[in-house]
Amino acid sequence: MQQLTNRSVQVNRAPMTFGEKIYIPAIMKGLSITLGHIFKKKATVSYPEQKRPFSPVFRGLHVLNRDEEGRERCTACGLCALACPAEAITMEAAERKPGEENLYREEKYAAKYEINMLRCIFCGFCEEACPKDAIYLSETVMPANYTRKYFIYKKEDLLIPHPKKQESAQ
Amino acid sequence: MLLLQIDWSFLLEKSVLILVIVLVSFGVAAYATWGERKVAAIMQDRLGPNRAGFMGLLQPLADGGKLFFKEEIIPEGSTRTIFILGPFLFMITALMTSAVIPWGPDIHTTAGNVISLQVADINIGILFVFGVVSVGVYGIMLGGWASNNKFSLLSSIRSASQSISYELAMGLSLIALLMMSGSLSMREIAQQQHGFWDGHWLTWNVFKQPLGFFIFMVCAFAELNRAPFDLPECESELNMGYHQEYSSMKLGLYLFAEYINMFISSAVMVTLFWGSYNFPGMDWVAAHTNAIVFALICVVVLMAKITAFILFFMFIRWTLPRFRYDQLMNLGWKGLIPLALFNMLVTGAAILWLFNK
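Heads up: the protein sequence lines correspond to chains C and R, in order. Numbering of the first sequence is given in the numbering used here, commencing with residue 2 and proceeding in unit increments. Numbering of the second sequence is given in the numbering used here, commencing with residue 1445 and proceeding in unit increments.
Excised from the complex, chain C in its bound form:
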């Protein structure tokens, strides 16, 4: 039969030699390979003492950003909630009062902002959809917990610390 490619290999149908029949040399070879593996370096990463490095685009826990003066960027526009394929984000907007200019950037801000981490699939669509650079996915891995209630992260859990207040605290 004409061969279409030159990748085919002729199967070796020769009868077994004596060494192959008694199987002992093959066992010895196998044992020596296994013995060699005992002395090799182990591939296990002892988490949590050692961690594997993440790439810069790793999608972990969400953070709500602030600008350089410490004002919250999020304006509760709802684009992240709309983009979320798992419907994990919910929010309630509120109007900025006159004395709160240093807290919020624009006149509308999010009074309540909740992400249900059990629904979140960490796809990063909210990060892509946000027009204000307000939500990012950081490198933190989500910690475990016992009840469902603790997985609904509120705005306080998500906001990054105030840069000015943190400097003065330091």
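The hints are simulated quantities; they were obtained by calculation from the structure and are not laboratory data. Heads up, a few of these hints could be off.
Unchecked claim - Derived DSS-like pairs (lysine-lysine); straight-line CA-CA distance at most 25 Å:
1) R:1482 / C:52
2) C:109 / C:155
3) C:22 / R:1778
4) C:41 / R:1482
Mind docking chain R on chain C? Use the hints.
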């Protein structure tokens, strides 16, 4: 009047010995499970259990506790009594064999008593071991049959046929050994392997019967249902098998009894072939220490040899792929039995011409 005729010291001594041996067997089997996981891991480029206690040493306790807390499920169509009896039979036969193994030399105390470190010094020791191992097949058969599960039955039948095929070759390889030692008693065989060199040749039986040892070891692998002969076991881990309907502590008994069997088989092999508790230079040590310390040293040496064998069992398990059922039966009937017969003939000829001239 009957009370005064019971030899209380004998009873006490034997009870203490039995208790110690059973506890040590359980301890060794429990840590054999730990050792198995660690050895498997080391050979597979990973770390084994290392979270439960230092280096994972409390892992067997965690496993035992887990099995205790699981739910006991007894299938409705099963024969209840036999279903519960299966694992117990397996465990009992695994432990009974330890009664005839000499764990150390006799201690001749200064008071004139002789403390024997063997529970029962019967003069047909090896035959007893074989008898008990044969009854052990019942544990698997009954477990599989009483499960009321076609696949458990098939697996247990396969396991039973494997066991009886390899028992034959085991017995035949032992006949050659018995021709040389002249006695079935385990204590006699241990004493004949005294020291290491007796002026003409090495005393341990493995140097006098290497082929016999090899056949015995291959048959021991098959009797223990251990890789590469672990067809009944693999089926139970993969899809079915005689373990399938068992849960909680009955399953624990099956799995544990398998490790105890491994420990006892290693002990029997060491006693028959690798010089039981003897080591080179033991006469010098005996002359310089008192009897109890010497006996302890001998027990430690025996345990070291048994540990080496258990490690070898694990080494082979994690290296070789398992045999197909027909390859297994071919090996047992068409490979090992002729080989054992040939060994017997050669031994007989050698004894006739070399030692009886």
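Earlier hints that do not hold, by number
none
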